[in-house]
Amino acid sequence: MVEIRVDRDVCDGLGQCALVAPEVFALDDDERLVVAPEVPDGLAGKVAAAVRACPVRALVVEGA
Amino acid sequence: MVGAGLAGVRAAGSLRAEGFDGRLTVVSDERELPYDRPPLTKQVVAGTMTGDDIRLAGEAEFGARWIRGTGAVGLDRERRRVRLADGAELPYDGVVLAPGAKAREWPGAGVPDGVVTVRGLADVRRLRAEVAGGADEVVIVGAGFVGVELASSLSGLGVKVTLVEPFGAPLRALGGTVAEVVSEAAGRAGVALRLGVGVRGFAAAAGGRVRAVVLADGAEVSASLVVVAIGMVPATGWLVGSGLALPSGRIHCDERLFARAAGGAGGAGVADPAVVVAGDAAWCEAVRTAEGPVPLEHWSNAAAQGELAGRNLLAGPAAAEPYVHVPSFWTAAFGLRIRSVGLPGTGDREVVEAGSAAEGAVLVAHYRGERLVGAVSVNQGKLLPGYARRLN
Ligand SMILES: Cc1cc2nc3c(=O)[nH]c(=O)nc-3n(C[C@H](O)[C@H](O)[C@H](O)COP(=O)(O)OP(=O)(O)OC[C@H]3O[C@@H](n4cnc5c(N)ncnc54)[C@H](O)[C@@H]3O)c2cc1C
Chain A
1 MVEIRVDRDV CDGLGQCALV APEVFALDDD ERLVVAPEVP DGLAGKVAAA
51 VRACPVRALV VEGA
Chain B
1 MVGAGLAGVR AAGSLRAEGF DGRLTVVSDE RELPYDRPPL TKQVVAGTMT
51 GDDIRLAGEA EFGARWIRGT GAVGLDRERR RVRLADGAEL PYDGVVLAPG
101 AKAREWPGAG VPDGVVTVRG LADVRRLRAE VAGGADEVVI VGAGFVGVEL
151 ASSLSGLGVK VTLVEPFGAP LRALGGTVAE VVSEAAGRAG VALRLGVGVR
201 GFAAAAGGRV RAVVLADGAE VSASLVVVAI GMVPATGWLV GSGLALPSGR
251 IHCDERLFAR AAGGAGGAGV ADPAVVVAGD AAWCEAVRTA EGPVPLEHWS
301 NAAAQGELAG RNLLAGPAAA EPYVHVPSFW TAAFGLRIRS VGLPGTGDRE
351 VVEAGSAAEG AVLVAHYRGE RLVGAVSVNQ GKLLPGYARR LN
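Keeping their order, the protein sequence lines are chains A and B. In this text, residue positions in the first sequence follow this note's numbering: the first is 1, and each later residue adds one. In this text, residue positions in the second sequence follow this note's numbering: the first is 1, and each later residue adds one.
With the rest of the complex left out, here is chain A:
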């Protein structure tokens, strides 16, 4: 089970993660990050890529 933690102090809503893994990450109307409660099967690789695509290193993935 993959768990995603967002450091809200750091996240700037740049939305790069939402471009890489839109199944899991999205921005709301105020450009705040919204993360899906559960990561669909088979998306661990995409989520890892989204974490690396974050310019401010706001995302951490736990478990696998």
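Bear in mind the hints are in silico, worked out from the structure with no lab data behind them. Only true hints are included.
FRET-style restraints, in silico, Cβ to Cβ:
1) D76/B <-> D9/A: 44 to 52 Å
2) Y367/B <-> P37/A: 32 to 40 Å
3) V352/B <-> D12/A: 24 to 32 Å
4) P37/A <-> G134/B: 50 to 58 Å
5) S222/B <-> P37/A: 56 to 64 Å
6) E38/A <-> R371/B: 34 to 42 Å
7) A36/A <-> V270/B: 43 to 51 Å
8) R79/B <-> D12/A: 40 to 48 Å
9) D76/B <-> D29/A: 50 to 58 Å
10) V34/A <-> R209/B: 50 to 58 Å
11) A315/B <-> R57/A: 22 to 30 Å
Far from chain A, by Cβ distances over 12 Å, these chain B residues were calculated:
12) G22
13) E32
14) G144
15) G267
Owing to the predicted nature of the structure, the values given are computational and were not obtained by experimental measurement. Virtual Cβ for every residue (Gly too), placed ideally from N, Cα, C.
Dock chain B with the ligand against chain A, hints included.
Leaving out everything else, chain B with the ligand in the frame of chain A:
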């Protein structure tokens, strides 16, 4: 590894992550440890972040030997050696070229004191010292993203800023609608815009320090400091003589990021299996329009290419993967959050598809004929993933 910017750091990281346990040497002509550039003209100028906050890697990382403050001056691909400025030669089995770019200097002669460019941490420290030392009238020449971000950050510090853009509109590469929104917001922030007027040169005071920018029409805009922000030049002069293809100064690489040798008649020849390329200095066949490759000077590209370059170098050309990437860029100024996907600058028409320039929240799609080539958002970021998917 030549160059320890974002692309170089990512390449080093992926080499190690993929299990490379051989010797790794990182060569950087900067003394500074690797750092991230996007915050430089935003938070670092504004004073809300310092050099420590933007560090990308420490010296202990990657189990590498670091050579800092000494640049590479030559690449001998036959003997597989990188030549350094101090005369040393580093043998290699594989080399990652990630030298990025330098700020383009003012092309004219006789540039007085107090006319600066901004690309690195040292430049921003100097800029802050100038402002702290009393530079209270700054003229910025060039309204690309560096110029616009600086105008925003400096005006936020209470500095009187004039932004001069010879080609007419700020952030012109993102299209006319965004330029309109940015101009409007800059005006509201008290930045004086001089659009569509060229710069002839600079006037200096008796001590040799700049006192004004002289416009093409002869008018003078007084300045205690001038920032020239007219783009960047790939840092590849040292590769002339390497036999690599260097179209418009960038390192030509195939779609797997292996550098191509120069072919006959200015064309490109075979790829060198020991040389990979990443970041602002790359001219990659995988990033292209119908007319050919286009260079990208964006964070997301440097990060993604760096990672793949490390992996592909280790895998070798036969097992290497092609670079697949939807370009993505962001900038922030005057309270506007601006993002783009794709290559908006390559379109032939733009269409407002959500919001409006007047609201300061707008989504502009860029088309070439009927085909979507890019999209730009101002404060409408939630819509971009849908466009990115269509560009894939
Ligand atoms: C002020 C600023 C703000 C930016 N803001 C944004 C933004 O908001 N969003 C965005 O998407 N992008 C932004 N960018 C662009 C982004 O930072 C770059 O795309 C990225 O830094 C490119 O990384 P790189 O590793 O290719 O090159 P660089 O970061 O330029 O790193 C290359 C390194 O190699 C060194 N080097 C050069 N030549 C040699 C040599 N011969 N020997 C040894 N070392 C050498 C250089 O000194 C440098 O340290 C910004 C850039 C700047 C300058």
